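> Below, each chain spelled out in residue letters.
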Amino acid sequence: MPESPESPLQEDSRGLKSDRFSGAVLIALACWIAWLNLEFPLGTLADPGPGYVPLLLAVGLGVIGLLVALFGGGSEPLRGIRWTEARRALVILVACAALTFALERIGYRLSVFAFLVFFLGVIERKHPLAVLAVAAGFSIVSFHVVAVMLGVPLPRGPWGF
Amino acid sequence: MLETFNSLMMGFAVAFEPKVFMYAVAGCIIGTLVGMMPGLGPLAGISLLLPATFGLNPIIAIVLLSGVYYGAMYGGSTTSILMRIPGEAASVMTCVDGYAMTQNGRAGPALAIAAIGSFFAGTVGVIGLMLMAPTLASFALRFGPPEYTALLLMGLFVLAYMSGGSMLKTLAMAFFGLLLGMIGIDVMTGYTRFSFGLVELGDGVGIVPVAVGLFGISEILMTAGQAEPPKVQKPKLRELIPSREEFRLSVGPIIRGSLLGFAIGIIPGSAHVISSFVSYGVERRLSKHPERFGKGAIEGVAGPESANNSAATGAFVPMLALGIPTGPVTAVMIAAIMVHGILPGPMLIEQQPELFWGFVASMYVGNMVLLILNLPMVGLFVNLLRIPYAYLYPCILAFCILGCYSVSNSVTDVWIMLGMGAIGYGLRKFGFDLAPVALGLVLGPMLELSLRQSLAMSGGTYAIFLERPIAVTMFGLALLLLALALKPVLFKSRDWRADVGLDDKTDGAPPGK
Amino acid sequence: MKTRHLLSVLLLACGVAQAQDVFPSRSITMIVPFPPGGVADVTGRPTAAALEKALKQPVAVTNRPGAGGAVGNAAVANAKPDGYTVLMALSSITVIPEADKLFNRKPAYTLDQFAPVALVSADPVILVVHPSLPVKTVKEVIALARKQPGELSYSSSGVYGALHMPMEMFLHAAKLKMRHVPTTGGGPAITQLLGGHVTMTAGGPAAITSHVKAGKLRPIVTWGAERHPNYKEVPTFKEQGLDIVYYIWAGMFVPVATPEPVIKVLRDAVRQAVADPDFKSQMAKVNSPVNYLDAPDFAKYVDADAKRLAAVVKVVGKIGN
Numbered sequence: 001m002p003e004s005p006e007s008p009l010q011e012d013s014r015g016l017k018s019d020r021f022s023g024a025v026l027i028a029l030a031c032w033i034a035w036l037n038l039e040f041p042l043g044t045l046a047d048p049g050p051g052y053v054p055l056l057l058a059v060g061l062g063v064i065g066l067l068v069a070l071f072g073g074g075s076e077p078l079r080g081i082r083w084t085e086a087r088r089a090l091v092i093l094v095a096c097a098a099l100t101f102a103l104e105r106i107g108y109r110l111s112v113f114a115f116l117v118f119f120l121g122v123i124e125r126k127h128p129l130a131v132l133a134v135a136a137g138f139s140i141v142s143f144h145v146v147a148v149m150l151g152v153p154l155p156r157g158p159w160g161f
Numbered sequence: 001m002l003e004t005f006n007s008l009m010m011g012f013a014v015a016f017e018p019k020v021f022m023y024a025v026a027g028c029i030i031g032t033l034v035g036m037m038p039g040l041g042p043l044a045g046i047s048l049l050l051p052a053t054f055g056l057n058p059i060i061a062i063v064l065l066s067g068v069y070y071g072a073m074y075g076g077s078t079t080s081i082l083m084r085i086p087g088e089a090a091s092v093m094t095c096v097d098g099y100a101m102t103q104n105g106r107a108g109p110a111l112a113i114a115a116i117g118s119f120f121a122g123t124v125g126v127i128g129l130m131l132m133a134p135t136l137a138s139f140a141l142r143f144g145p146p147e148y149t150a151l152l153l154m155g156l157f158v159l160a161y162m163s164g165g166s167m168l169k170t171l172a173m174a175f176f177g178l179l180l181g182m183i184g185i186d187v188m189t190g191y192t193r194f195s196f197g198l199v200e201l202g203d204g205v206g207i208v209p210v211a212v213g214l215f216g217i218s219e220i221l222m223t224a225g226q227a228e229p230p231k232v233q234k235p236k237l238r239e240l241i242p243s244r245e246e247f248r249l250s251v252g253p254i255i256r257g258s259l260l261g262f263a264i265g266i267i268p269g270s271a272h273v274i275s276s277f278v279s280y281g282v283e284r285r286l287s288k289h290p291e292r293f294g295k296g297a298i299e300g301v302a303g304p305e306s307a308n309n310s311a312a313t314g315a316f317v318p319m320l321a322l323g324i325p326t327g328p329v330t331a332v333m334i335a336a337i338m339v340h341g342i343l344p345g346p347m348l349i350e351q352q353p354e355l356f357w358g359f360v361a362s363m364y365v366g367n368m369v370l371l372i373l374n375l376p377m378v379g380l381f382v383n384l385l386r387i388p389y390a391y392l393y394p395c396i397l398a399f400c401i402l403g404c405y406s407v408s409n410s411v412t413d414v415w416i417m418l419g420m421g422a423i424g425y426g427l428r429k430f431g432f433d434l435a436p437v438a439l440g441l442v443l444g445p446m447l448e449l450s451l452r453q454s455l456a457m458s459g460g461t462y463a464i465f466l467e468r469p470i471a472v473t474m475f476g477l478a479l480l481l482l483a484l485a486l487k488p489v490l491f492k493s494r495d496w497r498a499d500v501g502l503d504d505k506t507d508g509a510p511p512g513k
Numbered sequence: 001m002k003t004r005h006l007l008s009v010l011l012l013a014c015g016v017a018q019a020q021d022v023f024p025s026r027s028i029t030m031i032v033p034f035p036p037g038g039v040a041d042v043t044g045r046p047t048a049a050a051l052e053k054a055l056k057q058p059v060a061v062t063n064r065p066g067a068g069g070a071v072g073n074a075a076v077a078n079a080k081p082d083g084y085t086v087l088m089a090l091s092s093i094t095v096i097p098e099a100d101k102l103f104n105r106k107p108a109y110t111l112d113q114f115a116p117v118a119l120v121s122a123d124p125v126i127l128v129v130h131p132s133l134p135v136k137t138v139k140e141v142i143a144l145a146r147k148q149p150g151e152l153s154y155s156s157s158g159v160y161g162a163l164h165m166p167m168e169m170f171l172h173a174a175k176l177k178m179r180h181v182p183t184t185g186g187g188p189a190i191t192q193l194l195g196g197h198v199t200m201t202a203g204g205p206a207a208i209t210s211h212v213k214a215g216k217l218r219p220i221v222t223w224g225a226e227r228h229p230n231y232k233e234v235p236t237f238k239e240q241g242l243d244i245v246y247y248i249w250a251g252m253f254v255p256v257a258t259p260e261p262v263i264k265v266l267r268d269a270v271r272q273a274v275a276d277p278d279f280k281s282q283m284a285k286v287n288s289p290v291n292y293l294d295a296p297d298f299a300k301y302v303d304a305d306a307k308r309l310a311a312v313v314k315v316v317g318k319i320g321n
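Residue numbers (my numbering), protein chains in the order written: chain A, 1 to 161; chain B, 1 to 513; chain C, 1 to 321.
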């Protein structure tokens, strides 16, 4: 493993291991599901109710989570995982969420146009003409293909777009 | 035999009528285009086109729809291979090795082998359909809930061969997928489970939004933010054609995949989606170099793609011979001929010979058209990779959202897709494989339902699984598979350590330190 | 002075123009809460096509499937009540709120969020058995079920679904016990019966016709008030001494706050639509009998059906408890 300047070697092999961490998350998830599952009758082995299989699966997930954590001593340390692309990933997710939120409110073409202008113009800093061409072209052509030719009623905004 | 031949000739006469032929070609083209849209798969394709067929005659309607169906599967493999975006559950496995091949600069061969494998599988499927439809169909009816349970359990054991990573992590992801499958209304009792009060979750989370999110969106999240954008590929003509070695490696998987897919496909129910997973598992198990899988093994594209296509054809067997839907796709097809006043049923072949044989012949034609259409297109498709990533990924994202939304006009599906994208990103950072999630999600609801249906049938005794010959045979096979999977664990301790992730080679820290 | 005069004239003209801006002035969306190809869809599309002719405006069908129709129904219940969003619902619209009540769920919608427009079609279900079962009449079915309590089994389209309700009505009326194997829809329910994995099911006439003709299923009795035109030889439950009636129906609804004049336009349009020859021939092709009722009668019909089904849901209660 290449040494990184900000974390000395000793630190690198110590600390929380990534598999220990993910094992713990799996256990937590399993517990949460089992707790949610309390609401449903379990039934019996001969007549399993709606809560039977989910409980079995949650227990299975918990046990495996435990094993992942137990055997995870040799895995990469948690702090060894690089999150260099995480910021961009977050930006992408937020932008997609904004698009999804806007879709049925301001219409398909307008929201996709804004989405592409944001990515190409603000994030990737492409030439404004190219940005406009791609954004307008994409939103209009894809709308035409999907809404007009395939007959999917894509949302239109209050201005008819 | 001669009679079959004569009928088939009549079918070809129907299929080559200019108008029918034109619609077959149009269906293939529309299907390919629809399938290439991320998130839109065969089911979405034919559901969208169904209303348009109401005004056509029934033969043309079904020929058009089956063209769309096949075309969408071809198109779906294209996006799986080039962008890691599956259009349906069955192409999840294609994403794994197909996309890895693209990253290795072998997108051309992957696409070509997928097209050739699909063609071969489609042809095997049509021949099987033609010769054996009535016989197979009555056999397929004997698959009740207990047999189904056995089949699905076998499908679950494929997990053992599914990924090269840690077995524990694979299992964890499978359980995660199975649990995702528990969301929604419980068919047996009507309880709504884990829906958090959202009506839209009543039917559970769809496999398409989950698969597109886990594979497609997470890939973009991983790639877009890298300091250096992925290099634009400039494929040369020579690199588009599979090498002799790649052809040699693909022959076995294509043949095995075709037969396996057809066998699974004829069973009523939605089990045919597991055919590609099973095929992948089988090929990895049989391979002399299983470590190549997941890193761009051509067998991992050839097998599942073939299995997927012949399963799709196999699914038509119970539909045409008995008039029963084998899944959502065939249900739509049945609707397409029912609106013309034709009732699909046991007597369809006798009463509507032009329809049946015209349909069979047009499937040959459609397969041929798709091969001719798609092989030269490989060059064109691969050129999509020339588009700089900065332009490509925002468009792919918009496409994913558009495709996901249009399937059932549901924003909830889009939210699921985005959520799964985030989860997939996180899981990949921690070294978890995502394909088992998809398999679990597909199997979970079916397995639970068929198990509980079996118990409802028997009044609560498990003996029902031992009283029925097909079920017993399949449980036997499943046990054998399990034993094979466990063999290295029991007899070779070193393999076992590698399997459970004790002995992580990349880290090199000796255990017990 | 002049300008003010002009202005008031203009305003007046606008007002008149607005009053004359009659419904419908743009395209109407018909929500079908089931996937393409289902009963609601094959009823909704010919209706939409015939409505287009009557209203002289496009009527676009949108499928909003999910949760047994609850998603699409809820979408219309909460839509803008302007008549531009209409719903083609199946009889399950009355059962879903009852099931929600049973499970103490936040209801997706309530029945009083809808104003009925018209009943378009109604079809009784028919009890079919596997031909290997040695019974020909409903009396023999009852006798066999009494002899083997809890041994016979039936498949359905899902609990509280369109094929489960009639079976429960029958079992309750005849005081029988049977095993229930729910499936994921009408098609799979029949497949289970064809394979002999269960002994009977309640099937829609259109879905069973070809199998009955081929001798793979045997019709026993129908839930209709009178005999089904395509099954003249099959008696009704009433003839057999059990007072149960059940129809799967499809009808048009709008959000309850829709203005009365708008509903009137839609009612007239549906009346014209069901008389349209194209519509009739299309419905005949899918074996769906047209059964038209205008809003007042339809409202009563829905009310009666809702009460009857609510009673069945209460009898069935929560399963697995």
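Heads up, some of the hints might be wrong.
According to the in silico footprint, chain B covers these stretches of chain A (three or more CB under 8 Å from chain B) [as the list claims (entries may be wrong)]:
| # | segment |
| --- | --- |
| 1 | 62-68 |
| 2 | 79-87 |
List time: in silico BS3-like cross-link candidates among lysine-lysine, alpha-carbon distance up to 30 Å [to be verified]:
| # | chain 1 | residue 1 | chain 2 | residue 2 |
| --- | --- | --- | --- | --- |
| 3 | C | 80 | C | 56 |
| 4 | B | 19 | A | 17 |
| 5 | C | 314 | C | 213 |
| 6 | C | 318 | C | 177 |
| 7 | C | 300 | B | 19 |
| 8 | A | 17 | B | 429 |
| 9 | C | 238 | C | 139 |
| 10 | C | 232 | C | 264 |
| 11 | B | 236 | A | 126 |
| 12 | C | 80 | C | 139 |
| 13 | C | 177 | C | 238 |
| 14 | B | 234 | A | 126 |
| 15 | C | 106 | C | 285 |
| 16 | C | 101 | C | 56 |
| 17 | C | 213 | C | 56 |
| 18 | C | 307 | C | 177 |
| 19 | C | 56 | C | 139 |
| 20 | C | 307 | C | 175 |
| 21 | B | 19 | C | 285 |
| 22 | C | 314 | C | 177 |
| 23 | A | 126 | B | 295 |
A few chain B positions that, by computed beta-carbon distances, are all more than 10 Å from chain A [as the list claims (entries may be wrong)]:
| # | residue |
| --- | --- |
| 24 | 169 |
| 25 | 186 |
| 26 | 241 |
| 27 | 394 |
Source of the hints: derived by calculation from the structure; they are not laboratory data. Remember, it's a predicted structure, so these values are computed and weren't measured experimentally. Virtual Cβ for every residue (Gly too), placed ideally from N, Cα, C.
> Each hint should be assessed against the structure and marked as holding or not.
Right, here's what the structure says about each hint:
Only when three residues or more bring their CB closer than 8 Å to a CB of chain B does the claim for the segment 62-68 of chain A stand; here the count is 4, and the claim holds. Interface restraint, the segment 79-87 of chain A with chain B: holds (6 residues with C-beta to C-beta distance below 8 Å; minimum three). With a C-alpha separation of about 21 Å, the suggested pairing of residue 80(C) with residue 56(C) holds against the 30 Å cut-off. Taken as a hint, the residue 19(B) and residue 17(A) pair is broken in the structure, with Cα atoms around 65 Å apart against an allowance of 30 Å.
Among the hinted pairs, residue 314(C) with residue 213(C) is inconsistent with the structure: their alpha-carbon atoms are about 37 Å apart, more than 30 Å. Under the criterion of a C-alpha separation no larger than 30 Å, the hint pairing residue 318(C) with residue 177(C) is consistent with the structure, at around 16 Å. Distance check on the hinted pair: residue 300(C) and residue 19(B) sit about 50 Å apart at the alpha-carbon level, beyond 30 Å; violated. The straight-line distance between the Cα atoms of residue 17(A) and residue 429(B) is roughly 13 Å, inside the 30 Å bound, and the hint therefore holds.
Simply put, residue 238(C) and residue 139(C) have alpha-carbon atoms about 12 Å apart, close enough for the 30 Å limit, and the pair holds. Annotation: proposed proximity of residue 232(C) to residue 264(C) is violated, straight-line Cα distance about 37 Å (limit 30 Å). Restraint check for residue 236(B) and residue 126(A): the C-alpha separation of about 28 Å stays at or below 30 Å, so the hint holds. With a C-alpha separation of about 51 Å, the suggested pairing of residue 80(C) with residue 139(C) is violated against the 30 Å cut-off.
Our distance criterion of 30 Å between C-alpha atoms is met by residue 177(C) and residue 238(C), whose separation comes to about 21 Å. For the suggested pair residue 234(B) and residue 126(A), the alpha carbons sit about 21 Å apart, so the restraint of at most 30 Å is met. With a CA separation close to 40 Å, the supplied pair residue 106(C) and residue 285(C) exceeds the 30 Å bound. For the given pair, residue 101(C) sits about 41 Å from residue 56(C) by alpha-carbon distance, which is inconsistent with the 30 Å threshold.
A hinted pair counts as satisfied when its Cα atoms are at most 30 Å apart, and residue 213(C) with residue 56(C) does not qualify at roughly 42 Å. Taken as a hint, the residue 307(C) and residue 177(C) pair is honoured in the structure, with Cα atoms around 24 Å apart against an allowance of 30 Å. This hinted pair does not check out: residue 56(C) and residue 139(C) have alpha carbons roughly 53 Å apart, beyond 30 Å. Annotation: proposed proximity of residue 307(C) to residue 175(C) holds, straight-line Cα distance about 21 Å (limit 30 Å).
As the CA atoms of residue 19(B) and residue 285(C) are separated by approximately 24 Å, the hinted pair is consistent with the 30 Å bound. Using a Cα cut-off of 30 Å, the hinted pair residue 314(C) and residue 177(C) holds, with the two alpha carbons roughly 17 Å apart. For the hint pairing residue 126(A) with residue 295(B), the CA-to-CA distance comes to about 33 Å; that exceeds 30 Å, so the pair is violated. Distance to chain A contradicts residue 169(B) as a non-interface residue, since its nearest Cβ pair spans about 6 Å, not more than 10 Å.
Consistency note on residue 186(B): stated as away from chain A, yet its beta-carbon is not over 10 Å from all of that chain's, at 4 Å minimum. Even its closest Cβ contact with chain A, about 31 Å, leaves residue 241(B) beyond 10 Å, as expected for a residue assigned away from the interface. With a closest Cβ-Cβ approach of about 4 Å to chain A, residue 394(B) is found to fall inside the 10 Å limit, against its non-interface label.
When the structure is compared with the earlier hints, violations turn up for hints 4, 5, 7, 10, 12, 15, 16, 17, 19, 23, 24, 25, 27 and for no others.
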